Amino acid sequence: MTYHSEFYNKTDETEQWIRLSDGCYRNCWNCYCPQKKIHYEIPKIVRNKVVLLDMNFIYAYPNPLEAIKKLGKIKVNNKVVYYDFYCGLDFTLLTEEHIYWLKKGRFGRLNNKRRYCNGMRIAWDRGIDEKDLFIKAIKSMIKVGYSNKKMQIFMLCNGKISFDECVQKLKVLKDLDIQIGDCWFDNQKRGSVKPIYWTEQECKLFGKLCRAHNVAVQQNQYESIDYLYGVTK
Numbered sequence: 332m333t334y335h336s337e338f339y340n341k342t343d344e345t346e347q348w349i350r351l352s353d354g355c356y357r358n359c360w361n362c363y364c365p366q367k368k369i370h371y372e373i374p375k376i377v378r379n380k381v382v383l384l385d386m387n388f389i390y391a392y393p394n395p396l397e398a399i400k401k402l403g404k405i406k407v408n409n410k411v412v413y414y415d416f417y418c419g420l421d422f423t424l425l426t427e428e429h430i431y432w433l434k435k436g437r438f439g440r441l442n443n444k445r446r447y448c449n450g451m452r453i454a455w456d457r458g459i460d461e462k463d464l465f466i467k468a469i470k471s472m473i474k475v476g477y478s479n480k481k482m483q484i485f486m487l488c489n490g491k492i493s494f495d496e497c498v499q500k501l502k503v504l505k506d507l508d509i510q511i512g513d514c515w516f517d518n519q520k521r522g523s524v525k526p527i528y529w530t531e532q533e534c535k536l537f538g539k540l541c542r543a544h545n546v547a548v549q550q551n552q553y554e555s556i557d558y559l560y561g562v563t564k
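In case it helps, this note's numbering puts the sequence shown at residues 332 to 564.
Treat the hints as calculated values from the structure; they're not laboratory data.
Bear in mind the structure is a predicted one, so any value in this text is a computation, not a measurement.
Note that CB positions come from ideal geometry on N, CA and C, so glycine has one too.
Warning: the hint list may mix true and false statements.
Below, simulated DSSO-like cross-link-like pairs (lysine-lysine); rule was C-alpha separation at most 27 Å, straight line [stated by the list, open to error]: (1) 535 <-> 470; (2) 434 <-> 491; (3) 462 <-> 410; (4) 539 <-> 505; (5) 444 <-> 539; (6) 444 <-> 462; (7) 367 <-> 400; (8) 410 <-> 368; (9) 434 <-> 481; (10) 435 <-> 491; (11) 467 <-> 400; (12) 535 <-> 480; (13) 480 <-> 525; (14) 401 <-> 474; (15) 462 <-> 480; (16) 367 <-> 406; (17) 491 <-> 444; (18) 380 <-> 480; (19) 434 <-> 444; (20) 467 <-> 410; (21) 525 <-> 470; (22) 462 <-> 406; (23) 481 <-> 380; (24) 491 <-> 474; (25) 375 <-> 400; (26) 410 <-> 375; (27) 491 <-> 401; (28) 474 <-> 435; (29) 341 <-> 470; (30) 467 <-> 520; (31) 467 <-> 341.
Derived CB-CB ranges, DEER-like [stated by the list, open to error]: (32) 539 <-> 476: 21 to 27 Å; (33) 372 <-> 561: 53 to 59 Å; (34) 481 <-> 342: 39 to 45 Å; (35) 342 <-> 362: 23 to 29 Å; (36) 461 <-> 543: 23 to 29 Å.
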């Protein structure tokens, strides 16, 4: 597989897609992102909706906080700009100061209808051992005004993190009332997944769990479901 690491700046009638950096120190088994840091100057912003394609912006950009502040001040046609980190952010590197300025600069996410949502995309592809760091980051986001119901958590499924461990992570999202963005290994899609590291039964069941979880979060159903089945934390 060829990995593209070059500067990117494309626009259509309503959105601008850019890449300001590349590189990640983690060297995860499932990722092609190089470890070497590369960064580019911020291009002229010409749309009011901007999607950033960076893989680990907080790590790779020389001064991410200053870049976030600069982007947050930009206006196009006398209107503010809304930003979306398409690949999510590494929550283990986020500080409270990062989170404050991300919120102030309208960094959130664009939903399927391309409307701005007041919630970040966060990647949690690794294990349940990061639970405490994850919860701390989410609570910091809620504290500055992000909506937990508008957040989306990327989680790699059918990979080397086991089915049982992903179920544990899903329970954390349940307690925080946050939707999952289930990402199936090898670019597969929920509903038509071929088992790779998981069994076929695990893939089918986790897909159903993700669907039910997101419906419960969207429709505020978890409290009644827990009552119905006598679920306790």
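Mind checking the alpha carbons of residue 410 and residue 368 for me, to see if they're no more than 27 Å apart?
violated, 33 Å
Taken at face value, is the distance from the CA of residue 491 to the CA of residue 435 at most 27 Å?
violated, 37 Å
Hinted pair, alpha-carbon criterion (27 Å max): residue 539, residue 505. Please report holds or violated.
Holds. Residue 539 to residue 505 sits at ~14 Å (cutoff 27 Å).
For the pair supplied as a hint, residue 341 and residue 470, confirm whether the alpha-carbon distance does not exceed 27 Å.
violated, 34 Å
Between the alpha carbons of residue 367 and residue 406, is the straight-line distance 27 Å or under?
Violated. Residue 367 to residue 406 sits at ~32 Å, over the 27 Å cutoff.
With the threshold set at 27 Å, check whether the alpha-carbon distance from residue 491 to residue 401 stays at or below it.
Cα-Cα ~38 Å, so violated.
Hinted pair, alpha-carbon criterion (27 Å max): residue 467, residue 410. Please report holds or violated.
violated, 33 Å
Honestly, do residue 461 and residue 543 meet the 23 to 29 Å range at C-beta?
holds, 24 Å
Given a hint of 23 to 29 Å, does the C-beta separation of residue 342 and residue 362 actually sit inside it?
For residue 362 against residue 342, whose Cβ atoms are near 27 Å apart, the range 23 to 29 Å holds.
Do the alpha carbons of residue 467 and residue 341 lie within 27 Å of each other, as the hint requires?
Roughly 35 Å between the alpha carbons, so the hint for residue 467 and residue 341 is violated.
Measure nothing beyond the straight line between the CA atoms of residue 410 and residue 375; if it is 27 Å or shorter, mark the hint as holding.
Roughly 15 Å separates the two Cα atoms, so the pair holds.
Residue 444 paired with residue 462 [C-alpha distance capped at 27 Å]
Violated: residue 444 and residue 462 sit about 31 Å apart, past 27 Å.
Figure legend: structure checked against the earlier numbered hints; hints not met, in rising order: 1, 2, 3, 6, 8, 10, 13, 16, 17, 20, 21, 22, 24, 27, 29, 30, 31, 32, 34.
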